[in-house]
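*Asks:* Sequence:
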Amino acid sequence: MSQLSEAIRQQAALWAVKMAERSLSDEEERAMTAWRDEDPQHLDALIQAQQLWLMLGALPRSAPADSSPNTPSSTVVPLPARAAVRARWRHWATAAVVLLALLPVLFLLPDPWLRWQADYYTAVGEIRQVTLPDGSRVDLDSRSAIALHFNDNERRITLLSGHAWFTVAPLSRRETRPFRVEAKGGITQALGTQFSVDLAGGGADVAVHEHSVRVSYKGQTLVLAEQQGAHYADNQLTRRPVAPAQFAWRRGWLIIDKQPVREAVAQINRYQSQTIIVINPTLRKRIVSGTFALNQPERAITTLCQTLGAKQMTLPGMTLLY
Numbered sequence: 002m003s004q005l006s007e008a009i010r011q012q013a014a015l016w017a018v019k020m021a022e023r024s025l026s027d028e029e030e031r032a033m034t035a036w037r038d039e040d041p042q043h044l045d046a047l048i049q050a051q052q053l054w055l056m057l058g059a060l061p062r063s064a065p066a067d068s069s070p071n072t073p074s075s076t077v078v079p080l081p082a083r084a085a086v087r088a089r090w091r092h093w094a095t096a097a098v099v100l101l102a103l104l105p106v107l108f109l110l111p112d113p114w115l116r117w118q119a120d121y122y123t124a125v126g127e128i129r130q131v132t133l134p135d136g137s138r139v140d141l142d143s144r145s146a147i148a149l150h151f152n153d154n155e156r157r158i159t160l161l162s163g164h165a166w167f168t169v170a171p172l173s174r175r176e177t178r179p180f181r182v183e184a185k186g187g188i189t190q191a192l193g194t195q196f197s198v199d200l201a202g203g204g205a206d207v208a209v210h211e212h213s214v215r216v217s218y219k220g221q222t223l224v225l226a227e228q229q230g231a232h233y234a235d236n237q238l239t240r241r242p243v244a245p246a247q248f249a250w251r252r253g254w255l256i257i258d259k260q261p262v263r264e265a266v267a268q269i270n271r272y273q274s275q276t277i278i279v280i281n282p283t284l285r286k287r288i289v290s291g292t293f294a295l296n297q298p299e300r301a302i303t304t305l306c307q308t309l310g311a312k313q314m315t316l317p318g319m320t321l322l323y
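Residues in the sequence shown are numbered consecutively from 2, following the numbering used here.
No lab work stands behind these hints, which were simulated from the structure alone.
Take the hints with a grain of salt, since some may be wrong.
Quick list of in silico lysine-lysine cross-link-like pairs, DSS-like style, CA-CA up to 30 Å [said to hold, decoys possible]:
no., residue 1, residue 2
1, LYS312, LYS286
2, LYS259, LYS185
3, LYS286, LYS259
4, LYS19, LYS312
5, LYS185, LYS286
6, LYS259, LYS312
7, LYS185, LYS219
8, LYS286, LYS19
Using the sequences and the hints, build the whole thing.
*Replies:* This is the structure:
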């Protein structure tokens with residue numbers, strides 16, 4: 002089967018939603034039939050959309066459209082909705098429409114763009130150390146990227162993605178330029194030798210391992226001493242304790258400590274190409290803990306499913322939890 006375009010997938014998902022929620026009007030039936038018969042790919046996409054809903058358990062268990070050779074190509078079986086499931090269905094359908102529309106490219110588009118911007122970049126599951134022109138060292142977590150902006154006045158690095166640990170070449174007679182890391186609108190300036198910056202949601206986490214740093218964000222400034230941390234996002238800069246889990250990746254481990262499932266899954270996704278997506282909104286809010294080897298991220302998902310009693314469905318490039 003040829004690659005289905007995003008537009009075809011999205012339109013197929015919308016028709017599947019309408020047919021599941023209610024009977025189509027005569028006008029809608031004619032429009033759906035015309036669209037379906039316009040291109041064989043349209044029928045393929047509609048069948049896939051209906052099958053996905055059924056596998057997720059979001060629809061009544063009617064038969065999906067059958068594309069077998071014995072079935073006329075013009076036949077698509079509508080999936081009637083019941084009043085008791087309509088409210089729940091609307092939520093699931095909305096999430097599924099997005100998934101179908103983005104299925105071929107979900108989480109893949111940023112990589113070429115990051116590679117183009119970055120001076121150093123790590124692939125999925127890769128952790129590496131790089132030495133900068135000034136002798137500083139940077140440990141890059143999986144799916145991380147940095148860009149260098151060194152000039153006569155400063156040593157500035159932009160953290161484009163992921164998590165980086167900096168061991169800074171100190172100021173000296175020969176090296177007088179300040180060392181700064183820019184991330185999500187904030188600047189962390191080294192006043193010592195070791196610190197880390199981690200992009201987190203719409204902001205960043207900063208942790209100091211040796212000596213101190215100055216963090217500036219939206220007109221606010223904090224000086225952090227050894228074993229102190231800060232988080233900035235949404236126009237706020239706040240202190241926060243440093244947890245061992247923040248550095249476990251350098252030893253090959255992922256530590257999840259009383260975090261919502263949505264955050265735990267976001268961390269696991271850093272280390273594998275099979276993207277995990279949590280469909281069930283209630284499940285995303287559940288709190289979980291655990292310690293997992295980074296070279297076996299699939300075990301983390303298996304453990305989460307067993308602990309939460311969740312189901313999973315594997316699709317090309319992604320696994321859905323619900």
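*Asks:* State for each hint whether it applies.
*Replies:* Going down the list of hints, with the structure as the test:
With a CA separation close to 16 Å, the supplied pair LYS312 and LYS286 stays within the 30 Å bound. Proximity of LYS259 to LYS185 is assessed by CA-CA distance (about 25 Å); at most 30 Å being required, the pair is judged to hold. For the hint pairing LYS286 with LYS259, the CA-to-CA distance comes to about 11 Å; that is within 30 Å, so the pair holds. At roughly 26 Å between alpha-carbon atoms, LYS19 and LYS312 fall within 30 Å of each other, so this suggested pair holds.
Distance hint between LYS185 and LYS286 is fulfilled; the C-alpha atoms sit about 25 Å from each other, no more than 30 Å. Taking the CA atoms of LYS259 and LYS312, the gap is about 21 Å. The hint holds against a cut of 30 Å. At roughly 11 Å between alpha-carbon atoms, LYS185 and LYS219 fall within 30 Å of each other, so this suggested pair holds. Between LYS286 and LYS19 the CA atoms are separated by roughly 29 Å; this keeps the pair inside 30 Å, and the hint holds.
Taken one by one, the earlier hints all hold for this structure without exception.
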